[in-house]
Structure formats: structure tokens, C-alpha cells
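> Now for the letters of each chain:
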Amino acid sequence: MGEGGDHWPGRRPFRRREPPPSHSGVTRRSLLATAALLITTSGVSARVVTKVLPWKPNDAYPVTPVVPGGYLYFTANEAAVVDAFVDRLIPTDELGPGAKDAGVTAFIDRQLTGPYGGHDWLYMQGPFSSNPLPTQGLQSPLTPRQQYRLGLAALESYCNTTFSHGFVQLSPEEQDKLIAGLEKGEVQLPNFSSKMLFNAIHGNTIEGYFADPIYGGNRDMAGWKLVGFPGVRYDYRDVLDNPNKPYTLPPVGMQGRPAWGAR
Amino acid sequence: MRLRHLLVLLPLLALGRAAADPDNYVAIERGKALATAGDCIACHTASGGQPFAGGLALQTPFGAIMTPNITPDNLTGIGSWSKDDFARAMHEGRRPAGTYLYPAFPYPYYARVTRGDLDAIYAYLQTLPPVENRVNRNTLPFPFNIRLSMAGWNGLFFTPGEFKPDPKRSDEFNRGAYLVEGLGHCGACHTPFNSFGASQNDKYLQGNQIDNWTAPNITNDMQAGLGKWTVADIVQYLKTGQTRFSLASGPMKDVIENSTSKMAEADLKAMAVYLKERGAAGSPAPAPLAASDPRMQMGEAVFVDTCSACHMRSGDGVEHLFPTLAGNVVATQDDPASLIRIIIAGGRAASTDTTPTAPSMPSLGWRLGDEQIAAVVTYVRNSWGNAAAPVSAETVKAERARVTGAGD
Amino acid sequence: MVRRLPRKDVVIVGLGWTGSILAYELSHTGLDVVAIERGPWRDTATDFNIGTAADELRYAVRQDIFLRPKQETLTMRNNPSQTALPIRKWGSFLPGNGVGGAGVHWNGQTWRFLPDDFRIRSHYTERYGEAFLPEGNHIQDWPVSFEELEPYYDKFERVAGISGKAGNIKGQIQPGGNPFEGARERDYPTPPMKQGYQQELFSQAATKMGLHPFPRPSANLSAAYTNPYGCSMAPCTFCGFCEWFGCANYSKSSPQTCVLPALIREPTFEARTECEVTKVNLTVDGKMATGVTYVDANGEEWEQPADLVLVCAYALFNVRLLLLSGIGKPYDPARDEGVVGRNYAYQTGSGSLAFFENVNFNPFAAAGSTGVALDDYNSDNFDHAPHGFVGGASITCAHTNGRPIRFHPTPKGTPNWGSAWKKAVHDTYQRVASVGAQGSVMSYRNNYLDLDPTYKDALGRPLMRMTFDYQPNEQKMANWMADRCDEIAKAMGAKSTQINRLGVPWNVVPYQTTHNTGGAVMGSDPKTSVLNRYLQSWDVPNVFVMGASAFPQNAGYNPTGTVGALTYLALDGIFNYLKSSGPLVQP
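Residue numbers (my numbering), protein chains in the order written: chain A, 1 to 263; chain B, 264 to 671; chain C, 672 to 1258.
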């Protein structure tokens, strides 16, 4: 029983009773099957290391690829608003796909289901000051999940009050004007900071547009192609040897590129 | 107080005994070196267990065999064995009571060891701390648990007899032959088996697959074996697990760490001379796949993006760290098992006192699919002057199941 | 309930660069050494797998391998009249975590401070008069000179394999190197790194201006190398994922590549990971350390007795541990008394962004130390008299990456979103070079570290509070340097340039640098220092404290080279201590 040589003597020195194949440190949240998660390393209690550098076969801590389709956090309405919003932030134009077409909404959705969404790694102990110095940074107790839920609701409420319909129904020009107002803090959303909402969506849009496609955004490496970033190729000695020349190899992500064929 | 006097006396007594019988100490030291060459500790030590106390489960197609306790414990080890008993086990594969041992214990190779050397190993084993460890020695299912059947197997496949030096060869060659064919039992991994699990002696050292690793051809064949290696290369490999183009991984890494890196350099050289001068045998190389072949194109894309940072675009690798792939015979063996599994599961090189780094190949099974691995392995096997049969996605898939334990 | 473990000869708090070096050197002599690290073990092939390492979102944005603020953070304020608030998400600086510490995620820029840096107070007083020193300063001479430290710099550079070009070998100026550097015995162990096209333009322009550019010394190696510990490294591939990332191909100097493989083979060494040291324990009279107490990942408390305690937990956390353990007198700025937390300093950053046309800078092809530097405006290499500030900066044309989430420059005035933004990003990405000045920060009475009265860490202990702002001296110096950078940027042929001035008041949000120095400084006088020249505590002679916390003030360079050198100097002291016990220096 167990993996064995096909022949015997199946000589296998120091065949340890190997632990079950590593699930790469995936946390409970990975039960959310298609979420792209950031994996914490290692497990419980002290790891005592002596004599030999620890190593096990198959050990790696990859992120779980986002499988597109549906939303795990956003409601359909929220997703529609975010889609329209990010479409204005980075529009599709002659330079190529914009944020919406690049899958940024799915990216944000999946990020919100992971540790980022709950600010799990941040210092969230109180007391929370309501008037920090500008130099003291983030002091709000609101997690990104809360910011989106509350902020998008406030945005919709504002739009319905001001325009008699929601954000999605506004014309692109109206949307641009509104977004600019949020960005500058000139628009007053009910019970929510407009700057906070803008910064959240804008920041996550940049992330989703330029992060590795494994996270659900930057579809077909559209963001990378916009700027000419080759991705994760990890070897650019040829570039140093040929200064000031255009780089022509197509970009590659953690999941490869078309020339690799399907996985 | 009195106890301390007693303790002082004992070393004096021991010294006295040593003074009276200096050969005993010398024999024990010699036995230790021979046991290192034979790598007894590798099989006779369970994971996390005491050295030589047995209990390691050796996997065979017929079931798992637990290795015996060879510490001198009277009840559970070989404390009650005489040196004749030990010699019989090594030379004939028989226990003191006459029962047969299975050739999972490579007695067909240990049979070549001289009686004098066996006595020295015996003397060394008797100095180990006795460990009480009762090992279940009857774990094979019916009908394989009928040890008597080994009588027939021995009749067909086992030729007993100590090593006989060849008068036409140099002393160094014969020393190497004695070590390789005997204690080294290199053929136990590096020679293909027949369907009865016996080494095919007409294909001696021409390569084999062990535990999803390729044990390569180590004849002096230029295309498939050690033809491009010098004696110095082989010695360095056995000593450190590295040469200017290759790094040991898998079971051979363990052999190097436990056994060959601790052997005398003169012995390693003798083994190298033997391997280089024994002759060459191996299948000829096929024609390499054309670079335009779609598998090569796919493989090249994967290689450039994933592999070249370490192994270089030219396949040259980096000394001490990343093996060369260009002209590396391990890459072009008939059996591609090592290449496939090391991409999937990763691998770690040997760590020795002079070469502690033990660089590791990262595990990429999560990143690359079966077809992509088949393509990049095919590419490596047919680039930079390499030529070997392409690899299919089915082969990769089967091996993946075995090395990731996905089937467990 | 604290359980007591069997005694060890040496306990090391933190297994980063300094902890690894000391662990190896001491266990190699047969001493029983245990290193206790609160983060996880990290290994190249597993944790910096080539397939997972190059992930900007995970490592640079979400900060996966840094210390999680949830576990520990600091509170900050700019001056003592304000209320400090927690740094809830790292920004300005990014403390590391795990085995290897910052040695895993650093860029690899490896410098020696200049000779004048070590006697800065005396030097400025001699040349410019004491009144020239800035108001409220705590500037101090170091208790060691460059000449004394030189062999230790050499030692660290050889262990790390640093790639560079010497500028002054035994007094002979070497073409292509830094003519201002202190005289060294021999060249770097590996040749200087290749540079990019921006650096080429910078070199040409700077040389024409009569300045002295040279390739920046690099812990991203130019060639395969095996160090004196037997550990091997590969040449750097300019992958552009250096700072904040682990290196996948053994080409960045780190404890993983340079020390751990040899260290782990030492039979008397043991590492315990995911265990947090909460306190250095002292005898009742407080005069000797008896060991440490730590909490393991299950929350259980253990006491590890030891004869020698080496605090290697990173500059900031060293200071906190001393405060929480009652070692040395805590600093009180109101009275200007006490030493632990005193003389905290940082680093200035300013410069000029240069926009070009018709170039392919390929910013993604970079090593962490890619850059050509010049020291003409560093230390006191120029006449300060007309300028009214103290200190200087190394000026470098550097690029370390082109990772697009954080690097997508646009000219000033470009909107932050929309098609216009998109076009500007598309047009600019390949065409921006940066000339930057990394400058010194003096120490001041009101820049310091102490314990926060309100906020606690995950274990319920007070966080450390950082009170810091850039003072007028640093503002003046950094902005003057920005103008110098701009001159060079224009001389490079830039179509337009954009000056970046020093951000004042110091803002904790945008990333600036993780060069936190001071708080447990070395000196000759126990009234103004925590440690003597061997980094031995004046108060508790079997406690030594490594790291940049020892710097009396910061110079115009990255700190790691000097941290490494001081570690080897401290090692000499530790060996002497093991022979003779007691204080190594009489104040």
C-alpha cells in the first residue's frame, strides 16, 4: 500500500510516513471555493529546526486561482454599480480593455472575501480616533467589506435622491462628474465619507487592473499590455545586455500565457 | 566516592583490553567504514527511529517489508547472532535458523563481500548501543509470506560467492569493483529488474527506475552513461553530490549524505576508475525532435518563462546550484521519471560539510499541467544537442498521481 | 504558568541577519545556542518558489511576509504635544518577520558609512563650529572609527558576496569606484553589477558635470559565488521583484543564502520558530540577565535560561524589548534624561523625476541594487558653510522595478483616472528615470521611542510609541539635495523634470524607507548611550543588542552594511566576554 517502486527491492531509504499532501496552508476561508486567497505560511506551535533545513516534496504556497463567474460578496446590484464605476475609472478605449472588461469587479469581490476584506492582518484594536492627524493614516474601524457595503448603499441612496435613479442609470458624463465630486470630497454622501468610498474603489481598481490575472482581474493581461510589463518571467539578463531596445516577448503570469497551451 | 573509583577503573580495564587486543579496535573502525560503504543505516533505520534499530517499511509490489533491528539487542536485534550467523545472512540470505531472507535485503550483492570484511562489520555492529525494538518481520500477505519460495528464486537468480579480483586489471580497478559490486550494491538500483524482481545481470548498471526516480545508466556509455564524466567528476559527485554540471537529488542524495560522502577518497576514486573502465553499454540516441515541433514550441515557451532564470537559456545551469541540462545524461535517460517528478514535487540536493547549501528545485506541480510538463520535459530532452524520446501527458499524469500522493 | 527549560549557553532573540551570523559563529565553537524567532521558518524553494515569488499584490501590496500589524505595530505622532495613534497598516516603513527577517525582503543595497560619519560631531565642530549644529540636536560621535570597523565591513561583504567596485584600496584611488570612500584593504568579492540605460545616461551626465559616479554596491550578485561559510549563490537575473520579496534563485544575499545552510549543520544549534520572546529576564538586582521568557504559538509560556542573551530582533523591536524588560533607563525627553529610546532617527528621501522621449528604459528589468551613485554631496564631502545644514546624501539614479500596481508614473497634473490617465500611463511607463537623494537624519531631543500609554499588542503588552518629525535641518538638506538631483536629471537630457521635496510633516502613510535607526545607541558615555562599542549593555553585561538601533544618528546610506560590520565587531566582544565576563569597556 502506498506509493512504491514498481519493482522490488523497492529501496527507499528513509521513507518517512509523509504527512498528507500539503494543502499549502489554505485557511478555513478557502472553503469559499473560487476566492483568491492570500495564504499564511505554517501552522501551529513551535517549529523546532535542527540539523537539516526543513524541506518536503510538493511544498509550496500558491494562491488559489480565482474562477470567474458570479459574485461571492457583492449582491447583483452592488456588482452592477462597481462595474459601472470601475468602467469610468479605467475605460475601454483605443488603448485596450478597461477595468470592467478586465474583470476588476470580480477581483474586488474575491479580495473582499479574503483576509484583506476584513483587515484581518491589520491592527484593529481600539480606541479609534475620529480626528487623527493627516500624518497618522488609516484610523477607521471600517473594514473593506463594510466600506463597500455601506459606501455603495450610500452612493445609491444619494443617486436616487439626486437623480431619481441609481448610479448605473446615469450617463457616463454624469457618472464622471459624480466620481470627481467623490474624489475631491465635494459630494456629500449620507452617513458615509465620499473620499473613503472613492479611495477604496479607486485603489482596488488599480490593484485589480495590474495584479496577476490569477486574482481575477487584469484579464488576458490587459493592464500589463497597456504599459508593457512582462509579468513574472523572472529573467531579464538579456534586457541588461541590450539597453534601450523595445522588449518584445509577450507577458506571462503565474498561470502562464497562451504559448504555454492550456493548463 | 566508591562509585567514582569504580568508574575510573572501567576505562582502565577497557584500555587494558585494548592494549591486549589492538586488532579489535582496528577491526571495529574498519567495520564502521565498511558499514558506511554498505549504507546499512539507510534501510535499517525507521523514520525518527534509532539508528540500525530497524522498522523501516520497504515498499515492494508484494507488500511492505519491515527492516530488521540489527543492533545487538539479545531479544529483538542480532545480539545473539554469532559472526558465522552474520556471514551466512550476508553471503546466503539465510537467518541462523535457516529461514530465507527476501532480496529486499540485497544479499545477492553483499554475497561478494569477503568474510574478513563481514567479520569487521559484525564487530562494529556489536558495539552499537542495543535498542529494544521488536519489528514485525512477517508483513507480507499470502502467498508472499512463504519464505521457502525464496529457495527457488535463489536457484534461478542468485549466484553466491565472494568477489574474485581480475588479475588482468589494476589493483585500483579491482578495489572499485569490489566496492561497487559488493557493499556499494549500486546495481540494486542502477540495474533493471526482471519480473521476478531480480537484477538483469546482462544489463548491469544500465539504469532503472526506483520510487519514481530514474537511477541512470552508470556504465561508461558516452550517450547514456558516464562517458563525458572524468574520474575526478565521479569522485566529486560521490563526495559532495555535485559536479560542475550535475547535482544529486532523490535517493542518490541520501546515499551521498549517509554513505559516499563519508568514504575515503581513495575508495571513491577506485569506484570511479571501475565505472569508467568497465565498459560502455546503452541504447543509442534517437534523432532529436525538431525545434518546430509543436511540443517543442510549447516547451520552449514554458522553459523561457519558468526555468531559464536558474537553468539558463543555454541550459548551462550554475555551478553548485542549478544542474546543467545541456548534455546532462540524467535528462536524456530512456526513463524520464526524475525530470517529471522533480518538476512536480521539487527536489533537494545533498548537503555536506563542504557544500552545505543543498539548493532545492521548487515544486511546480501546482503551476504546470500535465501537457505543459510533458512539453517542457520534451524540450529539455531535445535541445542544446540533447536527444531523447518525447514524453506524453499521460506519462506525466500517472507519475503525478504517484508523487503527490493524490491517489492515497 | 511559565515552564522552565534546560539551560543554554546562548539565547538569541530573532533569527535575521545579525541573529544568524552570531548563531553560526558561536555554535561553531561548540556553544549551545538557541535562536527564538516569532515568525515562521522561510526557505527559498518553498516560500520564494519561482512560481509564487513574483506576485506584487500578495507581497508588495498586501504585505504577506512582513510583520502583521495585528501582531505588533507602533503608535506614532510627530511631536510630544500630540496623541500618538496606531500605525494600523504599514506604510512609511515595513518591518519584516520570520526567519531571515529583513534579510529576506531587502533590496540589497550595501554600503559602508564614510569615515567622517563616525566622528560627525567632532568633525563639524572642528570645521564649522559647534553653533553650526542644528537646534535641539543630540548628535554624537560613534565609539568606533571607520578604520577600526573596516576589517568587519570586509568580513560581512565576503559573507554576503557583495558585488561592487572599490574606489580606494589602501589609499590608492581606483577609477570607476567611489573616490570618497574610506580606504579599504581589498576589492569587493564579486564584480559590480550591470546597469540599465537610465544609469548609463546618469553616469555620462554626472561625469560631464565633474561629479564621480560609480556602480552601487549590491547584494544581488553579479556572479556565482561561494562564501567563507561554504554557502553558494547564483547570479542575479534582474527579475524586478527584489525589495519586499524573497529571492527565488539564490541570488540575493540573505540569511537563507549566506548563513542558514551552514548554521543548521552545527550540532549545538537549535531554532525555535513561531515563538515570541516577551521579556529578557534579569536577576533580582537587575544586574545580570538569566534568560528570556517566550510565548509559543499555542499561547504557552516558557522560560529559556541562558548565560548570554543576544537581542537581534530588529532596531525598533530591540528597543521595545529593552523597555519591557527594564534594561537601561528609559529616555524622558522632558528631562532629557535616560537612554533607552533616545536618538531615534530615520532617513530622508527627495529627488527629481525625469521624463524622457523616445527611450526604452525597461524598468521591469532591475535588481534591488541597480543604480549608479555619487557621494559628492554626502557626509562632509562638500563645503556646508554656505548652506546652513548638517548632513548629506548619496545621490543615485536607480530603478528597482517596474511593477505596475505601484509604478505607473504620470506627469504632474494628469488626472488620477479616466482615459487621460490611461493614456498618460501608457505613454510614460517606459520613459521615466529617477535621480534620488537618500539623506542623513540627525538625532534630536524630541525624536524618540517610548511605550504607548493606551494601545496594546496581541499579547496585551504596550506598543512602542514613535515620536518623530523631520526637523528644519533635514528639510533644508533634503530639499537642497533635490535641487542637485534635478540638475543632474536635466543634464541627462530629460524633456521635463519634476522635483519631489521631502514630505513634511513626516507622514506614516506613503512608503518611504525602513531605515529606522537609534533608540539603543552605542557610545562612550552611559549617560547618552545604551551600549558600549561592542554593543554590550552598560547595565547588564551579558546582554548584547545588535542592529541599527545602535546608530547614534543616521548617515546618508542604507544601514545594513554597517549593521553587519558591527555584528562582527560585537562578536569579538562576545568572545572576550565569554573568556572574562563583566563589562568590556569602562566608561
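One thing to keep in mind: the hints can contain errors.
What the hints assert, rightly or not - Mimicking SDA-like on lysine to any residue, the simulated pairs with C-alpha atoms at most 25 Å apart in a straight line are:
| no. | chain 1 | residue 1 | chain 2 | residue 2 |
| --- | --- | --- | --- | --- |
| 1 | C | Lys865 | A | Asp241 |
| 2 | C | Lys950 | C | Lys1000 |
| 3 | C | Lys1094 | A | Pro250 |
| 4 | A | Lys100 | C | His699 |
| 5 | C | Lys1147 | C | Lys836 |
| 6 | C | Lys836 | A | Asp241 |
| 7 | B | Lys516 | C | Thr1085 |
| 8 | B | Lys516 | C | Thr700 |
| 9 | B | Lys516 | A | Ser130 |
| 10 | A | Lys245 | C | Gln875 |
| 11 | A | Lys245 | C | Glu937 |
| 12 | A | Lys51 | C | Lys760 |
| 13 | A | Lys100 | C | Thr1085 |
| 14 | A | Lys51 | B | Val394 |
| 15 | C | Lys760 | A | Leu142 |
| 16 | C | Lys1127 | A | Ser130 |
| 17 | A | Lys51 | B | Met561 |
| 18 | A | Lys245 | C | Lys1198 |
| 19 | A | Lys51 | C | Glu696 |
| 20 | C | Lys1147 | C | Glu937 |
| 21 | C | Lys826 | C | Thr700 |
| 22 | C | Lys1094 | A | Ala84 |
| 23 | A | Lys225 | A | Ser130 |
| 24 | A | Lys195 | C | Asp967 |
| 25 | C | Lys741 | A | Trp55 |
Source of the hints: derived by calculation from the structure; they are not laboratory data.
> Any of the earlier hints contradicted here, and which numbers?
4, 5, 7, 8, 9, 11, 12, 17, 18, 20, 23, 24, 25
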